[in-house]
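Chains as they are written, first to last, in our numbering: chain U, -14 to 248; chain E, -14 to 248; chain A, -14 to 248; chain D, -14 to 248; chain P, -14 to 248.
Check before you lean on any hint, since a few could be wrong.
Identical chains blur together in the list; that is why a pair holds if it fits in one copy or across any two.
[Said to hold, decoys possible] In the DSSO-like style, the derived pairs of lysine-lysine whose C-alpha atoms are separated by at most 30 Å in a straight line are:
| hint | residue 1 | residue 2 |
| --- | --- | --- |
| 1 | K222 | K182 |
| 2 | K151 | K222 |
| 3 | K151 | K219 |
| 4 | K103 | K51 |
| 5 | K117 | K219 |
| 6 | K133 | K60 |
| 7 | K60 | K15 |
| 8 | K103 | K182 |
| 9 | K40 | K56 |
| 10 | K133 | K184 |
| 11 | K179 | K51 |
| 12 | K129 | K179 |
| 13 | K129 | K60 |
| 14 | K222 | K51 |
| 15 | K103 | K151 |
| 16 | K162 | K182 |
| 17 | K219 | K116 |
I should point out that these hints are in silico values taken from the structure, not numbers from a laboratory.
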Amino acid sequence: MSVQRLNLMGAVYAMACIVAGTAIAEERDKLLSEPGVYGNFSAFQIYHDWWNMDKAVRLAAISEAKAVFDKYRDKLAIDTFLLRGLSDHADVMVRVHARELGDIQSFLVDLLATGVGKHLNTTLVLNGMTKKANYVPAFPDALKNDLKAPSDPGPDTYAIVIPIRKDAEWWGLDQDKRTALMQEHTEAALPYLKTVKRKLYHSSGLDDVDFITYFETSRMDDFHQLIIALEKVKENKHNRRFGHPTLIGTVRSWDELFGTLGR
Amino acid sequence: MSVQRLNLMGAVYAMACIVAGTAIAEERDKLLSEPGVYGNFSAFQIYHDWWNMDKAVRLAAISEAKAVFDKYRDKLAIDTFLLRGLSDHADVMVRVHARELGDIQSFLVDLLATGVGKHLNTTLVLNGMTKKANYVPAFPDALKNDLKAPSDPGPDTYAIVIPIRKDAEWWGLDQDKRTALMQEHTEAALPYLKTVKRKLYHSSGLDDVDFITYFETSRMDDFHQLIIALEKVKENKHNRRFGHPTLIGTVRSWDELFGTLGR
Amino acid sequence: MSVQRLNLMGAVYAMACIVAGTAIAEERDKLLSEPGVYGNFSAFQIYHDWWNMDKAVRLAAISEAKAVFDKYRDKLAIDTFLLRGLSDHADVMVRVHARELGDIQSFLVDLLATGVGKHLNTTLVLNGMTKKANYVPAFPDALKNDLKAPSDPGPDTYAIVIPIRKDAEWWGLDQDKRTALMQEHTEAALPYLKTVKRKLYHSSGLDDVDFITYFETSRMDDFHQLIIALEKVKENKHNRRFGHPTLIGTVRSWDELFGTLGR
Amino acid sequence: MSVQRLNLMGAVYAMACIVAGTAIAEERDKLLSEPGVYGNFSAFQIYHDWWNMDKAVRLAAISEAKAVFDKYRDKLAIDTFLLRGLSDHADVMVRVHARELGDIQSFLVDLLATGVGKHLNTTLVLNGMTKKANYVPAFPDALKNDLKAPSDPGPDTYAIVIPIRKDAEWWGLDQDKRTALMQEHTEAALPYLKTVKRKLYHSSGLDDVDFITYFETSRMDDFHQLIIALEKVKENKHNRRFGHPTLIGTVRSWDELFGTLGR
Amino acid sequence: MSVQRLNLMGAVYAMACIVAGTAIAEERDKLLSEPGVYGNFSAFQIYHDWWNMDKAVRLAAISEAKAVFDKYRDKLAIDTFLLRGLSDHADVMVRVHARELGDIQSFLVDLLATGVGKHLNTTLVLNGMTKKANYVPAFPDALKNDLKAPSDPGPDTYAIVIPIRKDAEWWGLDQDKRTALMQEHTEAALPYLKTVKRKLYHSSGLDDVDFITYFETSRMDDFHQLIIALEKVKENKHNRRFGHPTLIGTVRSWDELFGTLGR
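Same shape as in the complex, but just chain U:
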């Protein structure tokens, strides 16, 4: 094959990659912003014997796991986190978004079958789904407007996951009363809109909690103040379980995470 032709093919391939990459990025944006998407949070503890393996074996295992991540890139939005040092009973966490829970399972089953996965102990699994806002449509216009304020741009350092289970009384309240309580909750959270990003997953029946609340921030002091603000509103009395566990870690790319695992 001539060099020109090879070059041409390379260019076409590169363009295809860019196009594919764009499509992947677009689908990822949709998965992370649309309602009706499933989200899975899986926390793993690395088995003690991993660290006693040869470095070469570990590096091969990591490559195998990376290939699984790549295989599912166009269908799933996958994020990875380093929990070690900040959470107990968990070293790493994976967050997976997909349109079908079955696709999430396929990815995790494949991941756990790799040389890395065989050394991972799944210590927590939370499943949820995104939905249109329940209470916001009934909020006053001023509040609705405040909620549209953009959060600070740029990447965030920390991620926190707090599972929540409501008491039976909460679910027995009529929609108006719950809306009023959620309005107080939302107003208390307003001052932290800019520096703490939030994402809500509905969980009833999909695991043992009702909600998974996910936070991203570079300002842990602001996040702490936000949680105190939310503890002070009346709706907090209906939280039968709040955290327990609270998962806290740092946002890491796959490569950073695997770098930590491989050394």
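Assemble chains E, A, D and P onto chain U, guided by the hints.
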């Protein structure tokens, strides 16, 4: 032996298999629909060392386990599920129906004695039995009629098990009050009759809960909405334990499941 | 030695065995029926590594354990159960009756020092003692009479152990109020007297519960109905802990149990 | 050296030992009776791999541990117990008294560094201190006098440890109300003064409970009746945690205990 | 290179070390006294297999860990504690202060990657931050003055960590009511100001508790009395979780701690 005779024997054997298969299928249908049948849900976590065994050894172990499944096919109705990725502390689940709890135990003891079973850690056992409907006979005719609507045909993707324990107050209510509460519960569940199949097992004394509720669906969003609907009715206040754990997985044939275990 | 003499000695030895056997059987009957006897329920999980041992080693270990059972036969009443498949976190259970708790400990320490015992993880220990009936003397004569009805003869298949802890309010009630509540409890249980045998052990201070209730039956459906009947009486509101765990298994002789362990 | 001289030296050494022994015995008596002494209860489970070690290795390990016991004999009062068979999740227990908690830690750190200690899993640690009686000075003289009745002499067979945590309401009561409740408690316990010895440790802040109650008896039936008597008094309603775990075992000398561990 | 020059360089280097040491000490003082600093408490249990390793291997592992401590000395304030013997499920504890939680994670991830860290099981992680006093500004001047009394100088022997979670009602109280309750709390603690040092970390959202209370003392009896005093005030009724676990140990330098680990 002549070829004709061999062929004839093969045909007879095939017919016997079909007849036997029909009998097995009929008995399975009865076990899955009649009252007075025992149901056992056993969740297993695969010991870490399984994955380090030679593939040939694992395949031999899987064949041994399959033989146990076959041995009990005519007496028990056995279903298998993949929980890994969607539930924590459990990789696979077996659901067994039989007319005697002792037969279920024999099967499970045999299964755990195989090369596969020796690598299974039993993380949860739930025992229950099917009974005639407690409250439905006292429901209004219109509701009784609604309950007869057929559910969507075809295989379902997901299975969910939620164990439930009632509080002492619930059991102290008289039958009329419980019927009224269960009527509200049933009406709330009506919109999901078509897409979410339910099966109820009574458990008091057979394990630490009062009921095992089993769900099958291809629509996890509908299932999630059903659970929210059930959280909103007054009967929910008498649920001392709801889930904890909630087991969630996908319906898998033995071969699919073992395929996953063998790779 | 002459053949006649050997035969004579054999006959004498056989008679001595019968006499000894009778004495053992009589003492066993007393231990199982008299008040003032201690009962211990120990549930064990077999360590994973047991199954990887050579069959010959396992058989030798089982013989060693059998010898311990034999050594204590004249002093203790020992029963054995297979829990595997019907209970989680327990494979086998031993129930031991003795006039002194120290003798029970000696037996269990000896058993755990055998080749079998070294592979047993003790997952639950319950200690109790039998006492004269607390409330029956104050029951109406008709009820006292009903309680004398004999239960169905013959061996039972299933055994269930349910530990119970009462709340502080129960213990604060005066004897008359507790008698009235226990009369309602007893009347609710009457229909199941024939098919479900019960035995009560008092536990306060001897472990973390107040009572150990032990059941034997061949009719698990009747047992289930009995528990529902007991959940419906007012005394149930004073059960702070009921089960948790409920241990359920089948009654097995030592040989059957060891046969299962040896294969 | 002449034989006489050797004999003389031997006699002097023996006398020194007796003197030292007497001093040790006197200090032990003080540690076990005076207020202001710290008490630590440590329960250990023997790791599964201990039993697979060579007997010679185990005997050497036991000698090493004995030397640690000897090293601390003059400073600490150390008692040992066999829990195996009567308690779950614990095989042996050590009770240590000292004037400083740091000395108790030094002993336990040394013990756990021996060949035995490396195979011990610490399943429970309770720390407390002895104090002068809180409520007795305000009791009526007759009751004070009753409390002086000597308990039965001679060694006791059984030891039981029950940790207790009071509720917030208890601590909020004024001293008079608590004294009245403790008087009822004490009167209920009087009939068991002779056969059940009690020792109280105050724990608030030193671990997760408020009190450690330690009992010694040869009459487990009397002990059981004592606990029922204490469950019936009003003060029992303020026990947020009672036991959980209850540790029960037999009093054993070091040599007996190590004999059991070595076989 | 001439000897004089080498000497000069040595002197400069020594001076640089002193200067650096001073800077490190100054930064450490700030980290331990300023508001807005993050504190992490990590408790570790040493895996059983550590003790079976060659002493030389363990010493090399300890050197590796020491190097990690040194690497972070200028950025973090790190303190180490020996919990073994006084706490269950934890042998050692590390307390780390930093201006960013991410720096704490980096240190712990590096530590856990060493030859020592590979044998540490993280049994508890608590994260908190220091803040300006919430309620003191509203206290009466006399009380504010009392709070300024210096504590006893000199090193303390014992350290205790008690995590606290408040109930929803506490957070629902207005600031005045909480101030009044905290004033009663503070007055109760006054008598122990001299002998028991306290440090408060705010935790809401950073783990599963609201506060981490850290104590240092040489007088465990005073500390015990302080906790009883705090149990008696009304604010105690709002403590939904107090301890559970309570971590108790002795303050040890790195070298002492590693000396214990290496023997």
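Each hint tested on the structure:
{"no.": "1", "hint": "K222 <-> K182", "result": "within (24 Å within a copy, 34 Å between copies)"}
{"no.": "2", "hint": "K151 <-> K222", "result": "both (9 Å within a copy, 12 Å between copies)"}
{"no.": "3", "hint": "K151 <-> K219", "result": "both (13 Å within a copy, 15 Å between copies)"}
{"no.": "4", "hint": "K103 <-> K51", "result": "both (14 Å within a copy, 24 Å between copies)"}
{"no.": "5", "hint": "K117 <-> K219", "result": "both (23 Å within a copy, 26 Å between copies)"}
{"no.": "6", "hint": "K133 <-> K60", "result": "within (29 Å within a copy, 39 Å between copies)"}
{"no.": "7", "hint": "K60 <-> K15", "result": "within (11 Å within a copy, 41 Å between copies)"}
{"no.": "8", "hint": "K103 <-> K182", "result": "neither (34 Å within a copy, 35 Å between copies)"}
{"no.": "9", "hint": "K40 <-> K56", "result": "both (24 Å within a copy, 24 Å between copies)"}
{"no.": "10", "hint": "K133 <-> K184", "result": "within (14 Å within a copy, 40 Å between copies)"}
{"no.": "11", "hint": "K179 <-> K51", "result": "neither (34 Å within a copy, 41 Å between copies)"}
{"no.": "12", "hint": "K129 <-> K179", "result": "within (15 Å within a copy, 37 Å between copies)"}
{"no.": "13", "hint": "K129 <-> K60", "result": "neither (33 Å within a copy, 43 Å between copies)"}
{"no.": "14", "hint": "K222 <-> K51", "result": "neither (44 Å within a copy, 47 Å between copies)"}
{"no.": "15", "hint": "K103 <-> K151", "result": "neither (35 Å within a copy, 39 Å between copies)"}
{"no.": "16", "hint": "K162 <-> K182", "result": "within (26 Å within a copy, 32 Å between copies)"}
{"no.": "17", "hint": "K219 <-> K116", "result": "both (24 Å within a copy, 25 Å between copies)"}
In the structure shown, a violation is registered for the earlier hints numbered 8, 11, 13, 14, 15, in ascending order.
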